[in-house]
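Novice: Work out the full structure, taking the sequences as your base and the hints as a guide.
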Amino acid sequence: MSRQKNNSTETTKVMPQNDKSCITIDPEELLFFYQNVDAPIKKLVRDELLKNGIEVSRQLVDKELRTHKPKHDRNIITTAREILFRVKQISFNS
1 MSRQKNNSTE
11 TTKVMPQNDK
21 SCITIDPEEL
31 LFFYQNVDAP
41 IKKLVRDELL
51 KNGIEVSRQL
61 VDKELRTHKP
71 KHDRNIITTA
81 REILFRVKQI
91 SFNS
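Sequential numbering of the sequence shown, starting at 1, is according to my numbering.
Treat the hints as calculated values from the structure; they're not laboratory data.
There could be a bad hint or two in this list.
[To be verified] Derived DEER-like restraints, expressed as beta-carbon distance ranges:
{"#": "1", "residue 1": "Gly53", "residue 2": "Leu31", "range": "26 to 32 angstroms"}
{"#": "2", "residue 1": "Glu55", "residue 2": "Asn93", "range": "27 to 33 angstroms"}
{"#": "3", "residue 1": "Glu55", "residue 2": "Ile90", "range": "26 to 32 angstroms"}
{"#": "4", "residue 1": "Asp26", "residue 2": "Asp62", "range": "17 to 23 angstroms"}
{"#": "5", "residue 1": "Asn36", "residue 2": "Gln59", "range": "18 to 24 angstroms"}
[Said to hold, decoys possible] Okay, derived cross-link-like pairs now, DSS-like style, lysine-lysine, Cα gap no bigger than 25 angstroms in a straight line:
{"#": "6", "residue 1": "Lys51", "residue 2": "Lys88"}
{"#": "7", "residue 1": "Lys88", "residue 2": "Lys43"}
{"#": "8", "residue 1": "Lys51", "residue 2": "Lys63"}
{"#": "9", "residue 1": "Lys43", "residue 2": "Lys71"}
{"#": "10", "residue 1": "Lys88", "residue 2": "Lys63"}
{"#": "11", "residue 1": "Lys71", "residue 2": "Lys51"}
{"#": "12", "residue 1": "Lys43", "residue 2": "Lys63"}
{"#": "13", "residue 1": "Lys43", "residue 2": "Lys69"}
Ideal placement from N, C-alpha and C gives every residue a C-beta, glycine not left out.
Specialist: Listed below in structure tokens is the structure:
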């Protein structure tokens with residue numbers, strides 16, 4: 001029995017800069033996420049998005065919550081904010 005190597009390449013979705021599903025967040029809020037969002041919270045974010053029909057990987061959730069870039073995924077950021085408030089009763093106030 002032999003295994004065939006799968007040569008298909010995975011594509012990464014790149015969000016357009018003017019897409020309505022993108023938002024800009026304050027770098028201080030990104031630091032707030034970095035300090036307060038641990039692995040279980042990231043899993044809750046992903047699970048909540050999956051429950052709402054939005055398929056994302058845990059890696060993407062992690063990347064969105066700790067990488068500084070011009071635009072962030074609106075669904076991930078707003079869900080993370082909601083879950084942080086529900087679970088830890090904390091929110092970012094600029």
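Novice: Each hint should be assessed against the structure and marked as holding or not.
Specialist: Hint by hint, here is what the structure shows:
Separated by about 30 angstroms at the C-beta atoms, glycine 53 and leucine 31 satisfy the suggested range of 26 to 32 angstroms. Distance hint check: the CB atoms of glutamate 55 and asparagine 93 are about 31 angstroms apart, consistent with the given range 27 to 33 angstroms. The supplied range of 26 to 32 angstroms is met by glutamate 55 and isoleucine 90, whose beta-carbon atoms lie about 27 angstroms from each other. At about 19 angstroms, the beta-carbon gap between aspartate 26 and aspartate 62 stays in the expected band of 17 to 23 angstroms.
Distance hint check for asparagine 36 and glutamine 59: the Cβ-Cβ separation is about 19 angstroms, which falls inside the suggested range of 18 to 24 angstroms. About 21 angstroms separates the Cα atoms of lysine 51 and lysine 88, which keeps this hinted pair within 25 angstroms; it holds. The suggested pairing of lysine 88 with lysine 43 holds, with an alpha-carbon distance near 15 angstroms, which does not exceed 25 angstroms. Pair hint lysine 51 plus lysine 63 holds up; C-alpha atoms about 20 angstroms apart against a cutoff of 25 angstroms.
For the hint linking lysine 43 to lysine 71, the alpha-carbon distance of about 22 angstroms falls within 25 angstroms, and the restraint holds. At roughly 21 angstroms between alpha-carbon atoms, lysine 88 and lysine 63 fall within 25 angstroms of each other, so this suggested pair holds. Restraint check for lysine 71 and lysine 51: the C-alpha separation of about 24 angstroms stays at or below 25 angstroms, so the hint holds. Taken as a hint, the lysine 43 and lysine 63 pair is honoured in the structure, with Cα atoms around 13 angstroms apart against an allowance of 25 angstroms.
Restraint check for lysine 43 and lysine 69: satisfied, since their Cα atoms lie roughly 22 angstroms apart, inside the 25 angstroms limit.
Violated hints for the displayed structure: none, as all numbered hints are satisfied.
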